[in-house]
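Trainee: Fit chain B to the known structure of chain A by using the hints.
These protein sequence lines are chains A and B, in that order.
Sequential numbering from 255 applies to the first sequence in our numbering.
Sequential numbering from 1013 applies to the second sequence in our numbering.
Keep in mind the hints are simulated off the structure, nothing from the lab.
One or more hints might be untrue.
[As the list claims (entries may be wrong)] Listed below are the simulated SDA-like cross-link pairs for lysine to any residue, each with C-alpha atoms no more than 25 Å apart in a straight line: (1) A:383 with B:1049; (2) A:396 with B:1090; (3) A:478 with B:1167; (4) A:478 with B:1091; (5) B:1124 with A:485; (6) A:295 with B:1087; (7) B:1091 with A:397; (8) B:1128 with A:386.
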Amino acid sequence: MFLTVTKALLEGFGTTVELFLLTLVFALPLGLIVSFGSMSKIKPIKWLVRTFVWIIRGTPLMLQLIIVFYVPGFIGMWAREQETTNMFIQFLASWKVMDRFVAALVAFAINYACYFSEIYRGGIESISKGQYEACSVLGMSKPQAFFHVVLLQVIKRIIPPMSNEIITLVKDTSLARMISVYEVIWSGEAFIKSEGLLWPLFYTGAFFLVGCGILTIIFNRIEKKLSYFSV
Amino acid sequence: MSILEVKDLTKSFGSTKVLKGISFSLEEGKVLSIIGSSGSGKTTLLRCINGLETATAGKITVNEKVVFDSNITDKKELKALKHNQQNIGLVFQQFNLFPQYTALSNVTLAMKLAAKKRPDYKHNKKAILEEIDATAKKFLDKVGLSDKLNNYPCELSGGQQQRVSIARALAMNPQILFFDEPTSALDPELTGEILKTIRQLAEDNMTMVIVTHEMNFAKDVSDEVIFMDDGVIAEHGTPEEVLVNPKNPRTRAFLNTYEK
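The shape of chain A in the complex, shown without the other chains (with noise of 0.2 Å):
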């Protein structure tokens, strides 16, 4: 029993390890372009981007798992019951039911994104102008001084708030069962509910524990590396 329930959770796993890596991909890029918006000079671009990442910020996870799934489905919805010849309208109407994973997927990056940014944000905020103002007097452009000068300090300085971040995305992507996407979590329920089984549920806690500790190696990996250098 316990093989067939560990082979059980391992798919489930899977799944989370899938819908985790795939949020990292997309939110750490992303979230380095919205904390650029949110620190542009053009003040509607500034205040835009701030106001989205008050509104992902200030609203449950698990509500944005709920309207990323759903709503796509209702606007085409709506719109097939339209009779209009008005070309969006009719783009509108061939929107159907998101894939559960995708609508998982794209609301934890989105959501990631954000939480990311404000990290980013602080990081990049923290550098002292003294490094710009070297790179600019000895002739360095402005994005030769970010890429070669500043990014590595910056990622010295995030990769404690990063890693307690990451972390916590590990445990959140079990949220996706909200909208039945069969992560770790949903395969341990369904044990209750055909075998009678309640162990299996707590023995996902293991897979967890097991990935959280993982990150934690990896990340003071890197910690050590960058160690050489104090900024």
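Mentor: What follows is chain B alone, placed relative to chain A:
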């Protein structure tokens, strides 16, 4: 021939006037010290000449090339002026070394990035990079750090860090080198090594402008001294004239605070 000419330079931050019309010129190979109390505008003057601040009005010429002119508003022309600014080096009070790079890489980084634009970069990459390394080593040797090439800034003392930053500025081959209170962030026992380095540069006829609080050093090394007070040049002359026999009562009052 004067290598630096500043004419009627003013700078305001909001409604606060920090520079109220500064004019002076400097001959090639001379050393100019700028003294004055905090808030008198010395650092702002330096930052305006280096392009870290944009002056409100006036004109700055380096080696007969205009680097700033408030009458020019055309964006393309302004950009071209920025290019002329590269003839000026600046050594900061807080060093501003790049912490993730070794002493050697701190000196070579800007040169290596600039070299990428050279048309022969792809063909001669190795030779070009080696040449840059050799140049950097030459300047680090000049400031007495040839044994610290591969050390990171955090492994160096404050004085050594400041010497790396001097080597970094020198490697850009500036026509004028500016120092913004180069010893103010250092322990008294470390200021000596920086002053010695600057003295050596003076012997090599490097044109330098030094904002400093080291009066004895200013007296010793400078050809000219400017005393700034409340955004204007209150007194300008030889070290003898300004530091030993000041005419302006404000200069006298300022120097008195140092003698105590």
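Trainee: If a hint holds in the structure, say so; if it doesn't, say that too.
Mentor: Taking the hints in turn, this is what the structure says about them:
1. At most 25 Å may separate the alpha-carbon atoms for a hinted pair to count; residue 383 of chain A and residue 1049 of chain B meet this at roughly 24 Å.
2. Between residue 396 of chain A and residue 1090 of chain B the CA atoms are separated by roughly 17 Å; this keeps the pair inside 25 Å, and the hint holds.
3. Note on residue 478 of chain A and residue 1167 of chain B: the hinted pairing holds, with a Cα-Cα distance of about 17 Å set against a maximum of 25 Å.
4. With a C-alpha separation of about 42 Å, the suggested pair residue 478 of chain A and residue 1091 of chain B falls outside the 25 Å cut-off, and the hint is violated.
5. For the hint pairing residue 1124 of chain B with residue 485 of chain A, the CA-to-CA distance comes to about 23 Å; that is within 25 Å, so the pair holds.
6. Pair hint residue 295 of chain A plus residue 1087 of chain B holds up; C-alpha atoms about 19 Å apart against a cutoff of 25 Å.
7. Restraint check for residue 1091 of chain B and residue 397 of chain A: satisfied, since their Cα atoms lie roughly 17 Å apart, inside the 25 Å limit.
8. Annotation: proposed proximity of residue 1128 of chain B to residue 386 of chain A holds, straight-line Cα distance about 20 Å (limit 25 Å).
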